[in-house]
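Based on the sequences and whatever the hints tell you, model everything.
There are 2 protein chains.
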Amino acid sequence: MKKTTIGIVGYGNLGKGVEVGLKHSVDLELVGIFTRRQPDQLETSSPVYHIDKLVDFKDTIDVLILCGGSQKDIPTQAPKMAELFNTVDTYDNHNEIPTHFEKLDKVARNNNTTAVLSTGWDPGLFSLNRLFAEAILPKGNTYTFWGPGLSQGHSDAVRRVEGVKHAVQYTVPKQEQVDAVKNKKSLDYNKQDAHKRVVFLVLDENADEKKVRESISTMPDYFYGYETEITIIDQATFDRDHTGMPHGGTVMRQGKTTDENTAVYQFGLDLDSNPEFTAAVTIAYARAAGKLAKEKQYGAKTVFDIAPSYLSPKDPKELRKELL
Amino acid sequence: MKKTTIGIVGYGNLGKGVEVGLKHSVDLELVGIFTRRQPDQLETSSPVYHIDKLVDFKDTIDVLILCGGSQKDIPTQAPKMAELFNTVDTYDNHNEIPTHFEKLDKVARNNNTTAVLSTGWDPGLFSLNRLFAEAILPKGNTYTFWGPGLSQGHSDAVRRVEGVKHAVQYTVPKQEQVDAVKNKKSLDYNKQDAHKRVVFLVLDENADEKKVRESISTMPDYFYGYETEITIIDQATFDRDHTGMPHGGTVMRQGKTTDENTAVYQFGLDLDSNPEFTAAVTIAYARAAGKLAKEKQYGAKTVFDIAPSYLSPKDPKELRKELL
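Chains as they are written, first to last, in numbering that gives the first Met the number 0: chain A, 0 to 323; chain B, 0 to 323.
Keep in mind that the hints were calculated from the coordinates and are not lab data. Among these hints, one or two may not hold up.
Any copy will do: because identical chains look the same in the list, a pair fits if it lies in one copy or spans two.
Restricting the straight-line Cα-Cα distance to at most 25 angstroms, the calculated cross-link-like pairs of lysine-lysine (DSS-like) are [claimed, not checked]:
| # | residue 1 | residue 2 |
| --- | --- | --- |
| 1 | Lys-209 | Lys-190 |
| 2 | Lys-190 | Lys-295 |
| 3 | Lys-181 | Lys-102 |
| 4 | Lys-181 | Lys-71 |
| 5 | Lys-138 | Lys-190 |
| 6 | Lys-57 | Lys-293 |
Here it is in structure tokens:
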């Protein structure tokens with residue numbers, strides 16, 4: 000069987016995750032990585048091309064995986080590339096997803112391409128589980144807990160505080176709240192009170208520790224109003240314990256099947272590497288995009304619109320026999 | 000909007016679960032319950048008809064939910080009813096699913112109906128999660144743990160032992176094995192060693208306890224080779240603690256995103272009432288069957304073939320805005 004050919008656009012953590020993840024999929028083949036940098040600057044054994052050359056690959060790449068950022072890259076890149084290619088992205092600005100969808104859908108329909116958006120785990124697998132849980136248990140409440148996991152945005156914010164040399168911020172769900180939902184107890188949930196923010200940082204020489212702590216705790220939007228724990232560590236400890244990108248979380252729904260009986264629906268992820276797992280999800284949806292385009296199912300698609308069998312390299316008959 | 004009209008075939012635990020569950024879905028409407036018994040024997044305020052009258056409802060019922068047993072009812076009932084109706088079933092004989100699919104698919108395609116098979120949670124939601132997890136993490140192992148939960152078949156087997164008055168059997172996964180997978184440890188899994196069988200029973204007067212215990216522990220297929228715990232209780236304890244039908248379980252996959260990094264994918268259910276939750280899943284797939292038939296997507300479908308959005312009463316735009 001002919002393999003589905005893949006192009007990677009962007010070579011940050013996500014792009015690297017896709018590159019390595021593709022090696023686990025025998026039905027997919029990496030054609031090249033496309034970058035805005037000088038191609039020879041990338042340390043990789045895969046073929047690398049300047050992004051300006053992308054158009055030359057119109058007939059040799061089945062699906063492009065867009066690995067740029069949601070703030071600046073995807074909103075402009077995705078609609079443009081969907082003119083020529085089937086695409087998959089990990090656009091994660093929840094509020095703007097409907098707009099992103101409409102834009103992509105128009106371009107993809109006009110150009111007979113398939114554009115799968117907002118894959119990954121949130122949006123992505125978490126969204127899917129919110130949908131399944133709510134559709135099956137209409138009478139109930141859904142709870143999302145993020146972490147324990149590294150928050151890139153919050154880590155950056157701490158690093159910008161004067162006196163901070165290195166820093167990481169972990170979002171940690173409050174275990175007693177997670178347990179309450181699991182144990183069928185009622186919970187007055189709000190996102191802010193359900194999570195702690197745990198900071199580990201290395202101080203600059205001569206930094207004012209008290210001032211650093213205060214600057215972090217009172218930072219609006221990021222930390223103010225959250226339970227925040229700040230631990231000062233030395234460089235060696237930082238290098239040893241805090242250079243990974245772990246993440247994960249849980250989506251749960253407590254639903255009533257009758258007044259007497261409760262059902263708890265639970266989906267969880269525990270990831271040593273957030274970008275590698277996000278890449279793994281994206282790869283499965285790239286496979287789906289390839290199949291959908293072959294069937295002329297054009298337009299924008301979210302994880303809600305794609306039948307699960309499209310994600311697997313196995314054919315429907317194998318799936319029924321082995322996994323149902 | 001016109002509601003999707005539903006018929007229930009069979010009025011055991013599952014049929015009762017569907018009847019009560021439909022009350023939570025504003026877009027679905029129960030037309031009637033169809034039974035082989037005399038209709039006036041059923042204790043319910045819903046309309047009840049003899050199953051021989053079913054054909055009269057060909058034009059008024061959009062989807063039939065088949066609530067009979069997988070051993071004797073579904074294999075013959077489903078293909079026959081799919082000649083006239085869109086159907087959903089909970090056929091759970093895993094080995095025979097491919098045959099059931101082929102039979103149903105032929106009938107449904109010939110008659111322009113949609114037949115959704117093997118919904119529920121295993122097969123059903125557990126199958127879906129086995130597929131998602133394997134497609135996303137190709138390099139890894141999937142583990143299924145069933146329970147803690149009441150096993151109907153094993154309870155019946157214990158009840159047939161001489162000297163046993165009442166009995167229940169719970170299947171209980173070994174927590175240390177569940178924890179090993181969660182904690183990213185390697186596990187040499189087999190279904191038999193991963194579960195305990197826990198029996199609570201009330202003895203007949205003058206029963207030989209030793210003989211009862213031995214008959215159970217050595218029963219081939221059901222208990223022999225399993226770690227089995229048998230507890231003798233009195234009637235009052237039995238009536239107080241062991242008349243529900245709880246169940247649940249966990250599907251987990253430990254996958255490697257790179258040689259260094261592991262991801263744990265976890266899906267779990269904790270159900271006070273197994274038949275009520277199975278009914279709830281089936282209802283969501285009945286909604287899907289109604290939509291698929293309207294779009295002329297005829298033939299047999301499994302949970303793998305149905306895009307998640309079909310399960311929800313919300314339209315795709317609402318779903319993107321609220322749940323993605």
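Tell me, in ascending order, the numbers of any earlier hints that this structure violates. Failing hints, ascending: 1, 2, 3 and 4.
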